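Participant: What follows is each chain in one-letter form.
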Amino acid sequence: MPKQDSSKTKDNKLTSRRDFLRSAGNYTVASLSGAAMLLSDPKPAKANVTWEEHFQKNYRLMTDEEKQQAIERLETRYSEEYGKQVTVDGTPSIEGVLFGYALNIQKCIGCRRCVKACVAENNQSRGDEQQIEWIRVLRMEKGKFSETDRDQHGYPESFGVQVGGNAYKPAGVVLEGQHYYEPEQVPEKDAFYFPMQCMQCEKPPCVKVCPVRTTYRDPDGIVVIDYNWCIGCRMCIGACPYWARRFNWGEPNLPKEEMNPVTHYLGNRPRMKGVVEKCSFCVQRTRKGRWTACVEVCPVGARKFGNLLDPNSEIRKVLAKKKVFRLRADLNTYPKFFYYMD
Amino acid sequence: MRFLQFVVDYLKAGFTGGLLFWAWMLFLLFFIMLWGYGEYVQIANGMIVTNLNDQVSWGFYLANFVFMVGVAAAAVTVVFPAYVYKHKELHRIVVLGEMIAIAAVVMCLLFVIAHMGRPDRLWHLLPVIGIFNFPHAMLTWDVIVLNGYLLLNIIGGYYYLYKKYSGGEINKSFYLPVVYIAIVWALSIHTVTAFLINTMPARPMWFHSMMPIKFITTAFAAGPSLIIVVFLLVRRFTPMKIADEAFHLLSQIVVWCLGIALFLTMSEIVTELYPATEHSLGLQYLMFGHNGLNSLVPFFWTALSLMVGSFILLLIPRIRKNLTLLPFICIAAFIGIWVEKGMGLMLPGVIPTPVGEFAEYTPSHIELMVVGGIWAIGFFLLTFMLKGAVAVLQGEVRYRTESSKQAVSEQQAEAAT
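Keeping their order, the protein sequence lines are chains F and Z.
No gaps in the numbering here: position 85 of the first sequence is 85 in the UniProt record's numbering, and each next residue is one more.
No gaps in the numbering here: position 93 of the second sequence is 93 in the UniProt record's numbering, and each next residue is one more.
Keep in mind that the hints were calculated from the coordinates and are not lab data.
There's no promise every hint is true.
Just the calculated beta-carbon pair ranges, DEER-fashion [claimed, not checked]:
| id | chain 1 | residue 1 | chain 2 | residue 2 | range |
| --- | --- | --- | --- | --- | --- |
| 1 | Z | Q252 | F | Y181 | 55 to 63 Å |
| 2 | Z | W24 | F | T50 | 41 to 49 Å |
| 3 | Z | V41 | F | N312 | 53 to 61 Å |
| 4 | Z | N45 | F | G96 | 39 to 47 Å |
| 5 | Z | F263 | F | D64 | 54 to 62 Å |
| 6 | F | G127 | Z | I319 | 57 to 65 Å |
| 7 | F | E53 | Z | L323 | 53 to 61 Å |
| 8 | Z | Q55 | F | E53 | 30 to 38 Å |
| 9 | Z | V41 | F | E53 | 23 to 31 Å |
| 10 | F | P261 | Z | L11 | 54 to 62 Å |
| 11 | F | P261 | Z | F3 | 54 to 62 Å |
| 12 | Z | G148 | F | P311 | 48 to 56 Å |
| 13 | Z | G148 | F | A320 | 49 to 57 Å |
One-sided excerpt, in silico: chain Z residues whose CB lies under 7 Å from chain F [what the hints assert, rightly or not]:
| id | residue |
| --- | --- |
| 14 | L125 |
| 15 | N133 |
| 16 | A137 |
| 17 | T140 |
| 18 | P201 |
Note that the structure is a prediction, hence the values are computed from the model and not measured.
All C-beta atoms, glycine included, are put in the ideal place defined by N, C-alpha and C.
If we strip away everything but chain F, and leave its shape as in the complex, we get (with noise of 0.2 Å):
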């Protein structure tokens, strides 16, 4: 396949449209999802769901030979859709592991390695129309305390109202991030770095809400979606304090040859338009004993995976050793991502 960037100008579409038919010609040669390739499009062809996926069950509920059919007709689904051979793993989670992340805010640079990584691992939508990302890095400005800046009299209101304090703007730090921030370089100087994703909390107000228990909780402790479950309501979105859920506005783009084609159900699996997803902790990786993409990726080592349960995981050690954090810990979500600093 020529290299295809669907974000790109009209007219660059075309061109790549016309690439794509000639290549589609190879690909008819080659007898490989004749019907589909009809479509002239430059977005992978979608693939016809069948009846009997339409009409599955919650996979949670399924038995373990409908888990493996539900797994074998999107393997063959999604293979005739991004022309390669893409595995759907059921893998389930693993007796006595509980995953917990630790994220190092002393060391983050803010150079969001970790969200590219993330995109590229887990299958998001990409491109202008509908970029989907799990991970959300703030940037955290340093307050300025400035000498001049204050009112003396103690009056700063309007009214004469003593309202306490002389100074005008909040002096140390300003607990206000924003995710949008284009540096020539990081780490710049008056700021540090706050990234965010789900917490995968141990009471999760998202699985609560749900009225057909498509998100829920896995024994290991991380919450999950069954795409073809989920109605699409958004309550889940709603109620999360983490902002840390995306819905699928459209049909997803995801061009074929970025496509990630080790996947899990549960996990990076593509998704369909009209349902929300998250970060899964790289299920895919995880329950194979790997790290997740970010763990992977991130060149100051700011971030930390491991079994709560194991005594000996360096993410025990980090939890008894560093001075830890929660966010928003009031709600009572009790997150399994924790923050540190040294």
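Once you have looked at the hints, place chain Z on chain F.
Facilitator: Coordinates of chain Z only, in the frame set by chain F:
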């Protein structure tokens, strides 16, 4: 057989009318077609055709949903005085109130379907064949109370009409329990809808226990306002007689509920803005804007002025009892509450986002088409149901046995010769 005849006669009566009637129905039909088109585009392309996004994922559809649940619940302002206080004038037109409730609930269900990303998977919600996350998910409570309310009103309204039609006695031990359950149930639909959004600490603007009572008071102001206008139209365009007394009681309900609603709004504003914590950013954005992002500000103040203005006007008995002025004040109150409780509640709840990002939202053309179309469906249903109901109540449409039919046709034949 008799019931089938009822359905046929009711449909006939509902779709009989003069030029004005057909012009009105065609006008609505135009918007219903736009709804069909909008839904088609949205289902074919996904929710991307709306202006909803990651920051503002709940918008125009849910705003209208919340408002219409209130209007549906407000049928109780007719039913309650009629059955609990034995208000004679309202008792005669109770069925008309139930028709308004039915149309409003149907609109609610359509708004929810428009909001869903995967309406094709609606069956996942059905108990037995799907999974119904009851009692954990508040949305499942809402599904139960809304559908239950629809059913209660259909049973209550049409049982009464059918008995009128067929000339049978109303079985009170069946009918009255339905009515009383429906009264309590009406409160439940709006309470649960309030719980649906105020049980999420992630959205501090909504996270207060005043939500259910504020919903009910605004509903009992907006609902009877609509009912007054509809009843005045019924009185104007049909032979149905509705006494002035009925309007006087309803306008009193409007004025007091409006007053309480304004008091609650004031309490909320003081509680939020006095300490002015970060949790009040949504309300601040609604009232004053945020760094130039102030598209909601004019709407909020207009809505508040409409509510305060109509409250003050309605307090004056001479104006409240003037049935030429009343509908205009009612329309003003209705629009004010629609803005304040619809978009004025939905948007500052989701803006700013939990990470503090402000993003402005205006509905897209598709959203406008779908919402406008659903309103048209509501009015279409309402017009048809009211026409049929009035015909039955007036005795114009009655069950006729074969022999009496024959008598009628013989009479007609005689008259022709």
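Participant: Look at each hint and say if it fits the structure.
Facilitator: Now the hints, each set against the structure:
{"no.": "1", "hint": "Z:Q252 <-> F:Y181: 55 to 63 Å", "result": "holds (58 Å)"}
{"no.": "2", "hint": "Z:W24 <-> F:T50: 41 to 49 Å", "result": "holds (46 Å)"}
{"no.": "3", "hint": "Z:V41 <-> F:N312: 53 to 61 Å", "result": "holds (57 Å)"}
{"no.": "4", "hint": "Z:N45 <-> F:G96: 39 to 47 Å", "result": "holds (46 Å)"}
{"no.": "5", "hint": "Z:F263 <-> F:D64: 54 to 62 Å", "result": "holds (60 Å)"}
{"no.": "6", "hint": "F:G127 <-> Z:I319: 57 to 65 Å", "result": "holds (59 Å)"}
{"no.": "7", "hint": "F:E53 <-> Z:L323: 53 to 61 Å", "result": "holds (60 Å)"}
{"no.": "8", "hint": "Z:Q55 <-> F:E53: 30 to 38 Å", "result": "holds (32 Å)"}
{"no.": "9", "hint": "Z:V41 <-> F:E53: 23 to 31 Å", "result": "holds (25 Å)"}
{"no.": "10", "hint": "F:P261 <-> Z:L11: 54 to 62 Å", "result": "holds (57 Å)"}
{"no.": "11", "hint": "F:P261 <-> Z:F3: 54 to 62 Å", "result": "holds (60 Å)"}
{"no.": "12", "hint": "Z:G148 <-> F:P311: 48 to 56 Å", "result": "holds (52 Å)"}
{"no.": "13", "hint": "Z:G148 <-> F:A320: 49 to 57 Å", "result": "holds (53 Å)"}
{"no.": "14", "hint": "L125", "result": "holds (6 Å)"}
{"no.": "15", "hint": "N133", "result": "holds (5 Å)"}
{"no.": "16", "hint": "A137", "result": "holds (4 Å)"}
{"no.": "17", "hint": "T140", "result": "holds (5 Å)"}
{"no.": "18", "hint": "P201", "result": "holds (5 Å)"}
Consistency with the previously given hints is maintained throughout, with no hint failing.
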